[in-house]
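Number of protein chains: 2
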Amino acid sequence: MAIIYKYSFAKKIIETNTIVGNNYNDVKELPQEIIYENNEIRINLNPRDVVYGLGQSTRGMNKRGGIYSSFCSDVVMHLEESPSLYGAHNFLLIHRDNPIALFFDTPSKVTFDVGFTDSNLIRITMEEWNGACFFIKGENSLDIIKEFRILIGESYLPPLYGFGYQQSRWGYKNEEDIKNVVDKYEENDIPLDAVYLDIDYMERFKDFTINSEAFPNLKDFIANLKQKGIHLIPIIDAGVKIESGYDVYEEGIKNNYFCQDENGNPFIASVWPGLVHFPDFLNSNASKWFGSHYKKLISLGLDGFWNDMNEPAIFYTPKRLEIAIKAVKETKDTLDLNVYDYWALLGNFEKLANNILDYKDMYHVVENKKLNHYDVHNLYGYNMVKGTSEYFKENYKERMFLISRSSCIGMHRYSGIWTGDNRSWWSHLELNIKMMPNLNMVGFLYSGADTGGFGSDATRELVCRWLEFSLFTPLFRNHSSIGTRNQELYNFSNPKEFSNLIKLRYALMPYLYSEYLKALKNNTLLFTPLALKYQNDECCLEIEDELIVGDSIMIAPVYKPNTTKRYVYLPEDMLLVRFRGYNDYDTKKMSKGHHFISVKLFEVLVFILPGKMLLLTEPKNSTSKLNMLDLIAIANVNPTAKYEYFLDDGKYINSEIKKYEIVANEEKTIIKL
Amino acid sequence: MAIIYKYSFAKKIIETNTIVGNNYNDVKELPQEIIYENNEIRINLNPRDVVYGLGQSTRGMNKRGGIYSSFCSDVVMHLEESPSLYGAHNFLLIHRDNPIALFFDTPSKVTFDVGFTDSNLIRITMEEWNGACFFIKGENSLDIIKEFRILIGESYLPPLYGFGYQQSRWGYKNEEDIKNVVDKYEENDIPLDAVYLDIDYMERFKDFTINSEAFPNLKDFIANLKQKGIHLIPIIDAGVKIESGYDVYEEGIKNNYFCQDENGNPFIASVWPGLVHFPDFLNSNASKWFGSHYKKLISLGLDGFWNDMNEPAIFYTPKRLEIAIKAVKETKDTLDLNVYDYWALLGNFEKLANNILDYKDMYHVVENKKLNHYDVHNLYGYNMVKGTSEYFKENYKERMFLISRSSCIGMHRYSGIWTGDNRSWWSHLELNIKMMPNLNMVGFLYSGADTGGFGSDATRELVCRWLEFSLFTPLFRNHSSIGTRNQELYNFSNPKEFSNLIKLRYALMPYLYSEYLKALKNNTLLFTPLALKYQNDECCLEIEDELIVGDSIMIAPVYKPNTTKRYVYLPEDMLLVRFRGYNDYDTKKMSKGHHFISVKLFEVLVFILPGKMLLLTEPKNSTSKLNMLDLIAIANVNPTAKYEYFLDDGKYINSEIKKYEIVANEEKTIIKL
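Protein chains in written order, with this note's numbering: chain A, 74 to 746; chain B, 74 to 746.
Note that these hints are calculated values from the structure, not bench results. Keep in mind the model is a prediction, meaning the values are calculated, not measured. Treat the hints with care, as some may be off.
Which copy? The list can't say, so a pair holds if one copy fits it or any two copies do.
[Stated by the list, open to error] Straight-line distance between alpha carbons at most 30 angstroms, and here's what the computed BS3-like set of lysine-lysine pairs gives:
hint : residue 1 : residue 2
1    : Lys-633   : Lys-673
2    : Lys-661   : Lys-673
3    : Lys-368   : Lys-673
4    : Lys-732   : Lys-442
5    : Lys-693   : Lys-257
6    : Lys-424   : Lys-402
7    : Lys-638   : Lys-665
8    : Lys-405   : Lys-724
9    : Lys-301   : Lys-470
10   : Lys-724   : Lys-361
11   : Lys-662   : Lys-638
12   : Lys-405   : Lys-424
13   : Lys-606   : Lys-101
14   : Lys-433   : Lys-402
15   : Lys-433   : Lys-731
16   : Lys-638   : Lys-661
Generate coordinates for the entire structure from the input sequences, incorporating the hints supplied.
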């Protein structure tokens, strides 16, 4: 049992629409343990308290020892020191005997010093406090999370195909490239549900246009792919190209749908298409209007999209580029600049991208009130997605696939997120593992990283280990950047081994999809830190590289190179299932305690909890072909095992979820529903 | 027993002076397992082979899965994907049943694809092969390393004070700043042997000058510090400011001591002082001449230096800056650049620093032969240090303290290295741990990282954990950058705990210094990977986070935040010593196998091998005050323990090393020599 309290700050900039529940009590004062003075909120920590939360952020699962800013940012490199990533997730949970959580419902930047300056102190600051602080008290951290999730509303549910394996690359130029990918996956017998279209499918990067030279028969092409169970997912960027005659531009201008500068003219920035205006997504008419443009693409047969660059990312603004250029032109003695003058010159250029001063020059008009973008920055991507999603729901019965790069809490009701432009680094696989529970807490159940890494070059081993983890994440996408090593699985030696891995994902679909539905309906975590499940087990408190996935299993991924063994702590007796393929596995009873376990490349280890089970089906090469009612249960019988299987049609909005009670008395049971 | 073979390529650019031994056999052909064709050298790997080497490079101890370039580089961020760091250490050891090592004695860039493109293949490439390939075969990897170390010659031996704790920060401006540091260390009873002077002590960044406003009485100041046992260590940069009347500049010009451009004029680049010429250190006269300038500083009482920016680092060259500026000036329609044109404009500036094209524009004159710098790039820092060191040895009896940023194999005979501009990242602590054995293999015994991290902000916890490791590295320096959080130990809460840590280092000095001398004289490793010591223990093969330090002990540092426990594998029975301070510790017999061990903050765990011992002395606040003959032995008696204690005066060149045989029959023994 947990109780939510709402403390409102004196100032409120805008209705954020972050929360939907009314399961809270208004209060006039913050509780004793939350000190609010000198524009700072402080909370004392005990050395053994673990601080979860902050959704998409760098560093460990336990956020202690870092400074984080919630300010949606296009971050080229995700580093230990990066204060922000693409999302603003102002939720902190202090896990301890009397746990407490805080949520700041504000559209503005918040900075969290979580035991950085002082190990045992959380310091939270805003330039000027606005919105509300919700604080949640309860006996148990999981209760607190559930109550918070009820407050912020039910998470996005993608179509079933969103749980299939997806291949993406910035660099697919035309039908031929896509066809080649699809053919190669088919040839190598590797399941595939979706291929992404990155920016090059558009006509000169213009939203809702198609480069018809590259895709002369897109409608037919889409239809042909769909027959194979493969969906195309095009990118949609936030910025609208300034181009006379281009319908989206013309309509936006005509109706004042674009963000403004201080003089009331459309705000100008440069992104992929060159100069653009940004739709004023905070204006609900503009947001609806932009959403309605998806119709053009949907009419071609498309049913999935990724909204990108919606922090919004800015390469430069003409205003600030002019300053940089002017400084260069005025530099007289370029031959002997002193070093600080030189850096000032260089700095002008280096600071052009995503400059806060540009955000401060940009305005929204919401209900006739002009709002400075900087103050409401974190709502931008959210409202782009909201408009898109609402258009879908009003006009289509089918669930559309939708993910976004930028996000804030509340957006989880409308779409999933991918974790942005990571790199082919082992440390980013590790970050992926540690980020998932924190994303779940703030409502983002449908999420995953660019498996194998977006930037830089991946090795076969990294891709393998990353897949071994990602095959448990709802979004299961391999995406890479132009200029990096080709990362499609058939490009590595012995693709048969990759086929086995991906087929295991498809075999596990009954369990993974059921657990997703369960987490969504029950407001629980899909990825649970051990410390939250085993609250009295001191050993679990610091474990960040093992996760409970759903209700039945624990995983302990390998995230270091040149490693075929790892330590695994079992908080209770479990059944180890060592998968070499979906129908090639061993089981072994393992006792509570510390183990040093062999995990060869392409082996996937699953630990089934006592009395729990895993459900598998015969894998197919597309989720559309899976039989989700013909199952095999692998159970840790103790003396029996039970499972509540959730299933819907995977296709329509508000489709009914059927629940099946499954009981197994043997380790392996064949089940026909 | 190991045997070295030398295979010479047809081309030789210059005498590198890398090797000094004649313990090799010339051969006309490479052995069967080294395939040399199509300008590529290939070696097949077995899945369980471990590849060590490459000295200062990123990623793990086992280099498999990466591409590395030996090309001395000023790298702002050390990332998993960074191919180069500051050193060029062309040594690879394939550890397996029939181990083999390779060393490429060349001044040019070499690229090592160690199982990156193909997991089981090493591919080594040069633009044009030159110099020689030494290959070493033996029964045992440690024999191979020893033979290689004999080939490349005895490592640098610093004065004893170089083993004390050192405080540095880019940002100390004047005497008062330094005095404040020294006073605060004294007040907080934290031992200290050296404080560094970064670039601001110079008069406008001119080598061998002193900013006399900031340091009006430097000679007295130095003398006063020395009375406390504290040494000042100023930085010396490679570039010489172009300034009429500045003696170093004038002499260099007069004697043609500077590197040239293609027309024979002194090559111009910009670094800290603004425009500079680079001394042509490959010209032995120029190198000697530059070395002789240290006399000015030594006459002030200085006896330690760090040679920096000697890759050489280049901020920009006027030639290339002009191109960047011209492109900006010629940009007509800056208001609507397409994104690729914009990036080209920006790229011109971004590519200014350390541009290979600049290196290709620069020339050396060696024995009247004009050599392109690019071809001999990796010898530059080395020859700067060589000149410095040779001047010292010819003119002073005392051992001078000397470290360098850039290096290549061979330079280890003349100075130590610090591992460059790392950051306050946990992953850089981990990198530090994994890099040490590989540095030792190529002769760099005197080394260490900027403890706590140079760039970005450190937490108390990170500094503590880093110190817990660094107190075993010969170079034990805390260094941080201007603009980052103050990292001097007294700036964190409860400095008493830091005092305990640093005192433990001083207490351990007999062991650490003796083991250093031993590794130097015996051509052994100070930091040994477990896999090399316990060759038949399969468990050791993948362990990268435990190290054998010297002859007697194993360490297992904590390198993750929010952690107070870790797994430790013991390859044999050991005695755990849990230090909370030098005279506050517990011991515990531990058996071979896997352990999950508590390691609280400020605890230092040492595992003593059977029949081995640790030697401690009463710590003082400077190494100069230590009594290295009044010792306490903590021994893992089995049934006795033996130790060969190496000691010299810690001060003079070629001072005699005394060896003492110490035997202990009890866990704790008081020893007076």
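Checked hints:
In this assembly of identical chains, Lys-633 and Lys-673 lie within 30 angstroms of each other by CA distance both inside one copy and across copies; the values are 12 angstroms within and 24 angstroms between. Taking CA atoms no more than 30 angstroms apart as the test, Lys-661 paired with Lys-673 passes inside one copy only; the shortest distance there is 16 angstroms, against 34 angstroms between copies. Within a single copy, Lys-368 and Lys-673 get their C-alpha atoms no closer than 47 angstroms, and across copies no closer than 60 angstroms, so neither meets the 30 angstroms cut-off. Taking the shortest Cα distances, Lys-732 and Lys-442 never come within 30 angstroms of each other, neither inside one copy (48 angstroms) nor across copies (84 angstroms).
For a Cα distance limit of 30 angstroms, the shortest separation of Lys-693 from Lys-257 inside one copy, 16 angstroms, qualifies, whereas the shortest one across copies, 69 angstroms, does not. For the identical chains of this complex, Lys-424 and Lys-402 are neighbours both inside a copy (18 angstroms) and across copies (19 angstroms), given an alpha-carbon limit of 30 angstroms. For the identical chains of this complex, Lys-638 and Lys-665 are neighbours both inside a copy (18 angstroms) and across copies (18 angstroms), given an alpha-carbon limit of 30 angstroms. In this assembly of identical chains, Lys-405 and Lys-724 lie within 30 angstroms of each other by CA distance neither inside one copy nor across copies; the values are 65 angstroms within and 53 angstroms between.
With identical chains, the CA atoms of Lys-301 and Lys-470 are at most 30 angstroms apart within one copy only, with a shortest distance of 22 angstroms there and 81 angstroms across copies. Within a single copy, Lys-724 and Lys-361 get their C-alpha atoms as close as 24 angstroms, which meets the 30 angstroms cut-off; across copies the closest is 79 angstroms, which misses it. In this assembly of identical chains, Lys-662 and Lys-638 lie within 30 angstroms of each other by CA distance both inside one copy and across copies; the values are 18 angstroms within and 26 angstroms between. Proximity of Lys-405 to Lys-424 under the C-alpha cut-off of 30 angstroms is found in both arrangements, the shortest distances being 22 angstroms within a copy and 22 angstroms between copies.
For the identical chains of this complex, Lys-606 and Lys-101 are neighbours neither inside a copy (33 angstroms) nor across copies (66 angstroms), given an alpha-carbon limit of 30 angstroms. For the identical chains of this complex, Lys-433 and Lys-402 are neighbours both inside a copy (26 angstroms) and across copies (28 angstroms), given an alpha-carbon limit of 30 angstroms. In this assembly of identical chains, Lys-433 and Lys-731 lie within 30 angstroms of each other by CA distance neither inside one copy nor across copies; the values are 50 angstroms within and 70 angstroms between. Taking the shortest Cα distances, Lys-638 and Lys-661 sit within 30 angstroms of each other both inside one copy (16 angstroms) and across copies (27 angstroms).
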